[in-house]
Amino acid sequence: MVTVDGLKPKAVEKPKTAEELAGCLSEASRAGQAVIPIGGGRALGMGDPPARFDLALVTTGLDRIVEVSPEDLTATVQAGVTLEALQAELGKARQFLPLDPFASPGHTIGGLLATAWSGPLRQRYGTPREFLVGLQVALPDGRLARSGGKVVKNVSGYDLNKLHFGALGSLGVITEASFKVFPRPLFEETVEASEPQLTDAWREARRALDLKLPPVALELVREPDRHRLVARFAGSEDGVRRMVRELVWAPVGEADFWQQHSRRRAGRWLRVAVPPEALRDVLQSLPEAASWWAHPGVGVVHWVDFESAQVAAVRAAAEDAGGSAVLLAAPSALKSELGAWGRQPATIDLMRRVKRAFDPAGTLSPGRYLV
4 MVTVDGLKPK
14 AVEKPKTAEE
24 LAGCLSEASR
34 AGQAVIPIGG
44 GRALGMGDPP
54 ARFDLALVTT
64 GLDRIVEVSP
74 EDLTATVQAG
84 VTLEALQAEL
94 GKARQFLPLD
104 PFASPGHTIG
114 GLLATAWSGP
124 LRQRYGTPRE
134 FLVGLQVALP
144 DGRLARSGGK
154 VVKNVSGYDL
164 NKLHFGALGS
174 LGVITEASFK
184 VFPRPLFEET
194 VEASEPQLTD
204 AWREARRALD
214 LKLPPVALEL
224 VREPDRHRLV
234 ARFAGSEDGV
244 RRMVRELVWA
254 PVGEADFWQQ
264 HSRRRAGRWL
274 RVAVPPEALR
284 DVLQSLPEAA
294 SWWAHPGVGV
304 VHWVDFESAQ
314 VAAVRAAAED
324 AGGSAVLLAA
334 PSALKSELGA
344 WGRQPATIDL
354 MRRVKRAFDP
364 AGTLSPGRYL
374 V
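Plus 3 on top of the position in the sequence shown (first one is 1) and you've got our numbering.
If you're looking for bench data, these hints aren't it; they were derived computationally from the structure.
What you are looking at is a predicted structure, and each value in this text was computed from that prediction instead of being measured.
Backbone N, C-alpha and C define an ideal beta-carbon position, used for all residues, glycine too.
Any given hint could be a false lead.
Unchecked claim - Cβ pair distances, simulated, as ranges:
no., residue 1, residue 2, range
1, Gln-200, Val-69, 47 to 55 Å
2, Ala-34, Leu-212, 47 to 55 Å
3, Arg-245, Leu-166, 25 to 33 Å
Stated by the list, open to error - Cut-off 20 Å, straight-line C-alpha distance, at most; resulting in silico cross-link-like pairs (SDA-like, lysine to any residue):
no., residue 1, residue 2
4, Lys-215, Asp-241
5, Lys-13, Asp-352
6, Lys-338, Glu-310
7, Lys-215, Gly-242
8, Lys-358, Ile-68
9, Lys-17, Gln-98
10, Lys-338, Ala-54
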């Protein structure tokens with residue numbers, strides 16, 4: 004049985020088509036039920052505890068790869084397709100979607116978009132916002148709405164794709180998505196370095212980021228006795244080897260480091276995101292024995308296994324720097340104590356108006372998101 008923060012739904016539906024899903028959602032809305040969309044379940048710890056939970060609307064039955072166009076570098080898939088299944092299909096043409104979220108494997112495409120999760124490759128490719136070109140979304144009134152298209156060049160109009168991105172399914176249920184995809188790099192190499200002191204590790208990270216061909220991913224991992232830096236370079240073989248020689252780091256110890264890294268998850272998990280220039284101050288503010296890993300190039304740190312009393316000061320510092328500190332997972336009592344999202348944004352009134360326009364009955368994920 005699916006549970007969210009200890010709450011069990013009264014019913015579970017697993018539709019096989021977008022039309023069937025929209026129908027289930029419409030019926031639930033008319034009946035005054037609270038609906039929570041469920042994808043692969045890898046990010047269910049995100050969000051505040053739901054106010055109500057009557058129907059779990061599971062999207063994994065929408066598991067069709069609709070269209071892959073290697074010539075156009077585009078792909079369209081239903082929301083329940085796993086990231087691994089899509090990568091396998093794209094790999095036939097030596098292409099890929101540059102997504103490497105933590106708590107892998109098993110994420111669905113719809114779930115990744117609804118939660119806005121990304122990983123180390125964000126350093127080079129950005130978040131899915133940058134390569135998402137179209138969505139189909141089921142609305143609480145039963146309509147299927149499309150935004151964008153299936154190709155990179157779209158007609159003008161409101162960019163509703165970004166409205167649903169990261170909204171935790173509070174405005175509609177994503178049923179289909181179209182992406183710009185990318186050629187696989189010709190050559191890759193991963194190297195590492197370690198420093199006992201954060202100051203020295205940060206200096207090395209900046210040196211890597213200032214290379215003419217910076218790494219596509221750069222991780223700074225706090226380990227018990229060191230700060231470990233791991234850099235992933237991709238491109239032409241000559242270019243990559245030149246950067247590796249210039250950096251003078253050692254070959255990485257584990258052949259499958261990135262796969263192991265993507266499996267990281269925790270029962271207490273806070274993602275802090277700030278402007279990159281403010282990240283060092285955030286890292287220095289964390290307790291000395293804290294367990295964390297960070298993306299220095301984009302200003303993100305994942306802090307795990309913390310104590311509740313430690314969070315308030317770090318969150319306040321992040322928000323004062325123009326960033327955020329969001330709980331990706333925590334016990335329900337801790338979420339209720341701290342709040343999953345932190346300080347309300349200045350746009351909260353506008354967000355509430357948008358929520359009322361899309362979901363006037365409060366059917367979708369009540370209490371889980373900011374509105």
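Status of each hint after checking the structure:
no.: 1; hint: Gln-200 with Val-69: 47 to 55 Å; in the structure: 51 Å, holds
no.: 2; hint: Ala-34 with Leu-212: 47 to 55 Å; in the structure: 53 Å, holds
no.: 3; hint: Arg-245 with Leu-166: 25 to 33 Å; in the structure: 43 Å, violated
no.: 4; hint: Lys-215 with Asp-241; in the structure: 13 Å, holds
no.: 5; hint: Lys-13 with Asp-352; in the structure: 32 Å, violated
no.: 6; hint: Lys-338 with Glu-310; in the structure: 12 Å, holds
no.: 7; hint: Lys-215 with Gly-242; in the structure: 10 Å, holds
no.: 8; hint: Lys-358 with Ile-68; in the structure: 30 Å, violated
no.: 9; hint: Lys-17 with Gln-98; in the structure: 30 Å, violated
no.: 10; hint: Lys-338 with Ala-54; in the structure: 13 Å, holds
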